[in-house]
Amino acid sequence: MTQAPLDLKSFVLTQRPAVARVITWQRMLDEALRDVVTPREWVEAVEHLNTEKSAALAAGTGGLGGAEYRQFCLDLLESAHDAAGIEVAHWILKHYIFRVPDDDKSESFNAMLAAWDRYGAIRLPEHVRLEVMRSLYRRAWSRVRPLASQARRRSESFGEWLFDLAQLAVALHEVSTRVRITNRSEAGHGRIIFELAGGVEVDAGGGAFADARFAALDKGDMAQAERIEAAYLADVKARVVPRGLEVLGARTELPGEEVPHPVANLIFEPDGYLEARREEAYAAEQLAHLRTAATDGRCSQETIRGLYLEMLQISASDSLTSSSKRSVAARERLRQMRARYELPPYVFAHLDHMLSADDSGP
Amino acid sequence: MMACVDASDLYLRLYDVIIDDAEYLQPDDDARHMLPDALVIGALGASLAIFAKGFLGKLGERAGDGAADKIAALFKRAGDSGDRDALLEALGFLQPELPSIAARVRSEREAQAARIAEVLAQRGFPKPVAAEVARVLLERLDTPTREGQGGGQ
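Protein chains in written order, with my numbering: chain A, 4 to 365; chain B, 121 to 273.
Just so you know, the hints here were simulated from the structure itself, not pulled from any lab data. Note that the coordinates shown come from a computational prediction; the quantities given were computed from them, not determined experimentally. Hints are not guaranteed to be accurate.
A few chain B residues that don't get close to chain A, going by computed Cβ distances all over 10 Å [as the list claims (entries may be wrong)]: (1) A193; (2) K196; (3) R226; (4) E228; (5) E230; (6) V239.
From the structure, some residues in chain B lie toward chain A, with a derived Cβ separation under 7 Å [said to hold, decoys possible]: (7) C124; (8) S128; (9) L132; (10) I139; (11) D140; (12) E143; (13) P246.
Quick list of simulated restraints, FRET-style, between CB atoms [unchecked claim]: (14) B/A158 x A/G275: 27 to 33 Å; (15) A/E163 x B/R226: 45 to 51 Å; (16) A/A226 x B/P248: 50 to 56 Å; (17) A/E272 x B/R226: 47 to 53 Å; (18) A/V173 x B/P219: 29 to 35 Å; (19) A/R157 x B/A222: 44 to 50 Å; (20) A/G162 x B/P248: 49 to 55 Å.
Ideal Cβ placement from N, Cα and C applies to all residues, glycine included.
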């Protein structure tokens with residue numbers, strides 16, 4: 004018996020199903036509509052799916068082709084006003100608007116931002132747009148800590164350990180090069196910051212524009228400096244200023260200062276920005292440790308074998324120190340090495356057990 | 121009178137919880153280099169000072185005059201200056217008493233975890249990480265045996 008077609012939009016907005024279910028429905032719909040060329044074929048494809056699956060699909064009247072379906076997605080985005088709706092909006096944006104391939108695991112934040120200009124016509128509620136941007140940012144960084152933990156705790160062989168380190172290295176490289184919210188001024192150049200309405204600031208960059216403006220200011224020629232600013236204003240607006248925001252003024256910043264990425268001011272409250280900076284700094288340290296461990300040759304079997312002798316020496320050294328204290332110091336050192344990817348977890352387990360069993364009286 | 125025991129195993133089980141995320145303790149400036157040990161021990165000491173403060177009254181009843189204050193002072197010294205010996209000594213006094221206060225620790229775990237998380241967040245941990253570390257620290261204090269040590273968590 005054919006089920007009555009389900010209005011997907013109403014169902015999602017009223018029932019708030021799990022995102023995975025909505026995604027499944029949409030993929031089924033996408034698959035079913037792939038070869039559809041007429042409204043009648045679309046209706047038949049939808050009815051076919053209705054009879055096959057318990058979850059129904061967006062129906063509506065016949066004639067929903069590609070453009071209409073896209074409008075349906077946009078309508079759904081406009082209606083999103085809570086976490087579940089925003090999750091759906093996020094997925095729709097990614098796969099149906101920005102066309103990020105399913106096998107693209109990087110969720111490039113900056114690529115998403117670059118696409119905003121192309122889709123400026125999307126009428127998104129402000130809170131939805133900002134929440135989706137925050138979500139995109141956090142998702143990119145949320146992989147780092149679990150992968151770091153895995154690299155420190157999981158492996159039972161040298162090969163597994165190298166694989167875990169490689170996964171971590173890839174994730175760290177992606178976030179450090181594509182999803183940063185802080186920029187460091189180039190040495191030798193000042194930066195021009197345009198101040199926008201609502202407390203938002205946009206970095207107009209340095210280089211020739213900044214040099215010309217500084218040169219004018221150094222000569223005391225304020226009028227020339229203002230002309231230079233005005234000449235660049237239209238270009239800056241087109242490049243980096245979000246649509247519709249008014250430019251209130253400009254200021255300069257000294258070379259070498261670390262300044263927030265202009266988007267950070269858009270999407271984060273001050274507390275959120277602080278937390279994001281902490282995550283960036285943590286990830287930078289992990290990358291530094293990983294690079295050190297790799298370039299110093301610590302990620303090699305020969306080095307790991309040598310650690311056994313090194314631990315024996317630490318354990319036997321300093322006869323004036325109690326055996327217990329030597330053992331604690333050595334086992335502490337093992338943990339530090341593991342945390343810095345200098346020691347595989349399976350070797351750590353063996354060495355730590357050896358040192359704890361060695362904890363006998365002098 | 122409170123007995124002071126060798127609490128090195130307990131110390132290392134707690135150290136395990138902090139060390140992997142310890143880079144959050146680094147100052148947010150260009151001066152950051154290798155993470156000083158004192159920062160790690162200081163964070164652990166400050167967290168345990170919060171824990172001990174919550175239950176010192178109960179400890180004081182059992183241990184007699186001065187003992188609870190001594191533990192508090194040792195944890196504070198560890199938290200302020202990263203003094204490992206002070207931390208080990210404080211844990212040495214605390215460890216024998218943990219089973220007797222375990223029930224109360226469990227009943228007040230959420231509140232204690234929040235207070236410890238606040239201390240860690242002040243020292244640089246992001247709030248979600250601070251909350252998780254605080255929770256695991258309390259779990260480890262609830263089961264202060266050799267179980268699960270050495271090979272990691």
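For each hint, the structure was consulted:
no. : hint                        : result
1   : A193                        : holds, 21 Å
2   : K196                        : holds, 21 Å
3   : R226                        : holds, 26 Å
4   : E228                        : holds, 27 Å
5   : E230                        : holds, 22 Å
6   : V239                        : holds, 15 Å
7   : C124                        : violated, 13 Å
8   : S128                        : holds, 5 Å
9   : L132                        : holds, 6 Å
10  : I139                        : holds, 5 Å
11  : D140                        : holds, 5 Å
12  : E143                        : holds, 4 Å
13  : P246                        : holds, 5 Å
14  : B/A158 x A/G275: 27 to 33 Å : holds, 30 Å
15  : A/E163 x B/R226: 45 to 51 Å : violated, 36 Å
16  : A/A226 x B/P248: 50 to 56 Å : holds, 52 Å
17  : A/E272 x B/R226: 47 to 53 Å : violated, 35 Å
18  : A/V173 x B/P219: 29 to 35 Å : violated, 46 Å
19  : A/R157 x B/A222: 44 to 50 Å : violated, 31 Å
20  : A/G162 x B/P248: 49 to 55 Å : violated, 32 Å
Hints 7, 15, 17, 18, 19, 20 from the earlier list are contradicted by this structure; the remaining hints agree with it.
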